[in-house]
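Colleague: Input sequences plus hints: build the corresponding full structure.
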Amino acid sequence: MSEQSATEIALKEIAFGSISGIAGKFVEYPFDTIKVRLQSQPSTGIAQYSSTFDCIKQTLDRDGYRALYRGLSAPMVGAMFENAVLFVTYSKASDVVRLLRGKPADSELDTAGIMTSGALSGAVTSFVLTPVELVKCRLQIQTTLAPSMSTPAGKIGTASALKNNLISQIQSRKWDQKSPVVKPQQQSITQLISEIYTTKGLLGFWRGQFSTLIRESGGSCCWFSIYELSLRALRPIGTTKSANTQGHMMLAGGLAGVGYNTLFFPFDTIKSRMQTNASNSSFSDAVKEVWKSNGIRGYFKGWGITVARAAPSNALIFWVYESLSRRYMKA
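The opening residue of the sequence shown carries number 5 in the numbering used here; numbering runs sequentially from there.
None of these hints come from the bench; they were simulated from the model.
A quick note: this is a predicted structure, and the numbers were derived from the prediction, not measured.
Don't take every hint at face value.
[To be verified] If you anchor each label on the Cβ, the simulated ranges turn out as follows:
hint : residue 1 : residue 2 : range
1    : Ser-297   : Gly-205   : 24 to 32 angstroms
2    : Ser-192   : Gly-242   : 49 to 57 angstroms
3    : Ser-77    : Gly-205   : 21 to 29 angstroms
4    : Phe-30    : Tyr-332   : 16 to 24 angstroms
[To be verified] Taking lysine-lysine and the BS3-like style, the derived pairs with C-alpha atoms no more than 27 angstroms apart in a straight line are:
hint : residue 1 : residue 2
5    : Lys-245   : Lys-107
6    : Lys-245   : Lys-96
7    : Lys-204   : Lys-107
8    : Lys-292   : Lys-204
9    : Lys-96    : Lys-107
10   : Lys-16    : Lys-96
11   : Lys-16    : Lys-204
Positions of the beta carbon are idealized from the N, C-alpha and C atoms, including for glycine.
Modeller: So this is what it looks like as structure tokens:
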């Protein structure tokens, strides 16, 4: 294989990963918005949302359907980079594993090889993903509440705090028909990025990196393993990946998404809590906070809606990537 052909293959992998990431993100994003809002509820006081369906209802009633896609541009770009890096690094890590084991370049990896390659690709991807998810989570929890009625970082206070804020508003101004309506003040992506950089510096964009690293390295290990092993189970014994149908790809991709989002969901909860909390709580502080307020169930808040979007979005990601690879990789 020439150097030029190797470069061409890498560029195709980047392109296919980017396209699959865009497709998957567009499908999953509304579900992800609800998940983040559920995960980011304060641990003390009265919860704003009693259930997933209550969160959906309140979001639509208060903000409309556009709220489900609030902040989409940043994670859309992030999904391009994430999936491009994920698939390219997985491919290269697989090549290294084969080389170290003295296996042919086109040979299939065993389970240990798949897990190793997946973990390495996830670890690399986590450093790209953390800043994107930080901005995404901050944007997703913004609501149409007036600024004077909301707590820092969009967190909702206790019932008594809300009551006091309402009384304060009524007492502090003339309440008549001519009074101006208080409009929501929501930050744009550029304003939010500027604020993070000004207050926290460059390293502030990697808040929650440890949680993301664990989630992505372990999650990608699980993601690729379930996908590849499911494909092998679905095709006739003794055949190669080319024997798998498009239906096999989508089923295996859906299973991979559900497995990944179930096994490593607690780390996603901790990451979201850290990234949307105004205080500088550490990883261990966030773990203790969730446990103290909700116990083991607190780590899986928003799991149901996450799995609901994980199956179709991951099925689409793998189907798009594999279909493009089959059509253009050998061209």
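Colleague: Take a look at whether the Cβ-Cβ distance between Ser-297 and Gly-205 falls inside 24 to 32 angstroms.
Modeller: Once the Cβ atoms are compared, 30 angstroms apart, the range 24 to 32 angstroms for Gly-205 and Ser-297 holds.
Colleague: Does the Cβ distance between Ser-77 and Gly-205 fall inside 21 to 29 angstroms?
Modeller: Holds, at about 24 angstroms.
Colleague: Could you grab the alpha-carbon distance between Lys-204 and Lys-107 and see if it respects the 27 angstroms cut-off?
Modeller: violated (47 angstroms)
Colleague: With a cut-off of 27 angstroms on the C-alpha distance, tell me whether Lys-245 and Lys-96 pass.
Modeller: holds (18 angstroms)
Colleague: Note whether the CB distance of Phe-30 and Tyr-332 lies within 16 to 24 angstroms or breaks it.
Modeller: holds (22 angstroms)
Colleague: Starting from Lys-245, check that the Cα of Lys-107 is at most 27 angstroms away, please.
Modeller: Distance ~17 angstroms between Lys-245 and Lys-107 Cα, so the pair holds.
Colleague: Is the distance from the Cβ of Ser-192 to the Cβ of Gly-242 consistent with 49 to 57 angstroms?
Modeller: At roughly 56 angstroms between Cβ atoms, Gly-242 and Ser-192 fall inside 49 to 57 angstroms, so the hint holds.
Colleague: Mind checking the alpha carbons of Lys-16 and Lys-96 for me, to see if they're no more than 27 angstroms apart?
Modeller: With a Cα-Cα distance of about 13 angstroms, the restraint between Lys-16 and Lys-96 holds, given a limit of 27 angstroms.
Colleague: Can you confirm whether the C-alpha distance between Lys-292 and Lys-204 stays at or below 27 angstroms?
Modeller: holds (24 angstroms)
Colleague: Given the hint that Lys-96 pairs with Lys-107, test it: the Cα-Cα distance must not exceed 27 angstroms.
Modeller: holds (14 angstroms)
Colleague: For the pair we were handed, Lys-16 and Lys-204, check the Cα-Cα distance against 27 angstroms.
Modeller: Cα-Cα ~37 angstroms, so violated.
In summary, the structure is inconsistent with hints 7, 11 from the numbered list given earlier, while agreeing with the others.
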